[in-house]
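Asks: What follows is each chain in one-letter form.
Protein chains: 2
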Amino acid sequence: MARWQPGTGERLQAAALELFAVRGYEQTTAAEIAQSVGLTERTFFRHFSDKREVLFRGQELMTEAFLAGIAAAPSDATPMELVAAALDSGAALFPSERRAHSRLRQSVIDQNPALQERERLKMSGLTAAIGGALRARGVAEPAATLAAESAGMVFGIAFTQWLQEGEERSMSDIEHELLAELRGLTGTSPRG
Amino acid sequence: MARWQPGTGERLQAAALELFAVRGYEQTTAAEIAQSVGLTERTFFRHFSDKREVLFRGQELMTEAFLAGIAAAPSDATPMELVAAALDSGAALFPSERRAHSRLRQSVIDQNPALQERERLKMSGLTAAIGGALRARGVAEPAATLAAESAGMVFGIAFTQWLQEGEERSMSDIEHELLAELRGLTGTSPRG
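Protein chains in written order, with the working numbering: chain C, 1 to 192; chain L, 1 to 192.
These aren't lab readings, by the way, just hints derived from the structure by calculation. Source: prediction; values computed, not measured. Some hints here could point you the wrong way.
[Unchecked claim] Just some of the chain L residues that point at chain C, by a computed CB distance under 7 Å:
no.: 1; residue: M80
no.: 2; residue: M153
no.: 3; residue: R183
[Said to hold, decoys possible] Derived DSSO-like pairs (lysine-lysine); straight-line CA-CA distance at most 30 Å:
no.: 4; chain 1: L; residue 1: K122; chain 2: C; residue 2: K51
no.: 5; chain 1: L; residue 1: K51; chain 2: C; residue 2: K122
no.: 6; chain 1: L; residue 1: K122; chain 2: L; residue 2: K51
no.: 7; chain 1: C; residue 1: K122; chain 2: L; residue 2: K122
Even for Gly, the Cβ is constructed at its ideal location relative to N, Cα and C.
So that you can see chain C by itself, here it is in the shape it has in the complex (with noise of 0.2 Å):
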């Protein structure tokens, strides 16, 4: 029986991680990142505009799985229960077995200032889909702003979260706590 080969741009990515891992992102070439699985540049280019793509690839995938979350909940739901549909739906994007691939992604994008701030476009793209989804749900100002910026939020610590060593709940599950953790810290009626 074949053993399982995974595709080919998948192996380039996983090459990549490697080589941006160890000798950095910057000293890195796409020719490189071919060479060391036996393949060409110009094969690195028909799966990757550039190299900074092989860790950004998949960003509309990821908005689209969490606004699917939002497109599937019931025409009743409140904003935060938008919310919690949307965070569901994105975290099937994060499975256990994605963790140490997500874990070296992040080691190399936390050597890089640019990489961080490619990042940090990447979750406010993903805040203002989520916030668009809402509105053209119905949820009026400021609440569609204020919940969208909370999936950001709570997405953005329970992914650090899950990234730790040793963290062994899914990104569901982390989500869920935090959820509730933010409706304890603000349901707190305030003194008077």
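With chain C's structure known, arrange chain L on it following the hints.
Replies: Below, chain L without anything else, positioned relative to chain C:
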């Protein structure tokens, strides 16, 4: 009676903002800023370490203003009461007289991705400082991080709203409304 004259640093800052807004940030030199108010480049550099500092000086003062609110809060304050105290204290730096200046500054930042990135770093520094102050007061994780990021979120949304043309509410009023809205959003029990 002598007419009140703003200090040299403030004159340079006002002149710089005007030039940045009209000519563009990149296209304006420190020497041109100084000349526009009859001063020398050397005088400029006695007040600012570089051109960018015109836009970002006062960051430590801002952080201190937020943290002073936390320090002055009663010892039994809840995490969100500490957040509200930090926002109230920080809001003192944004009186209505400052709104025109802040709008002009924001218009310069909006035109320049590097300045936007610097502004995001400033905000994440503020959030980190608030998180540190909450932890120092015994707030556990993940509540401290959630509360600190909620503070940053409310401040950011409020500041954007405060800058809108026609907006006349104070920073403090806008923040109070957002905190109430956040309580309303997250206080709703999730359905089973």
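Asks: Compare the structure with each hint and give your call.
Replies: Okay, the hints, checked on the actual structure:
1. M80: 5 Å, holds
2. M153: Hint on L:M153: holds, closest Cβ of chain C at ~5 Å, below 7 Å.
3. R183: 5 Å, holds
4. L:K122 to C:K51: 29 Å, holds
5. L:K51 to C:K122: Between L:K51 and C:K122 the Cα gap is close to 29 Å, so the pair holds against 30 Å.
6. L:K122 to L:K51: Status holds; Cα separation ~17 Å.
7. C:K122 to L:K122: 19 Å, holds
Figure legend: structure checked against the earlier numbered hints; every hint is met.
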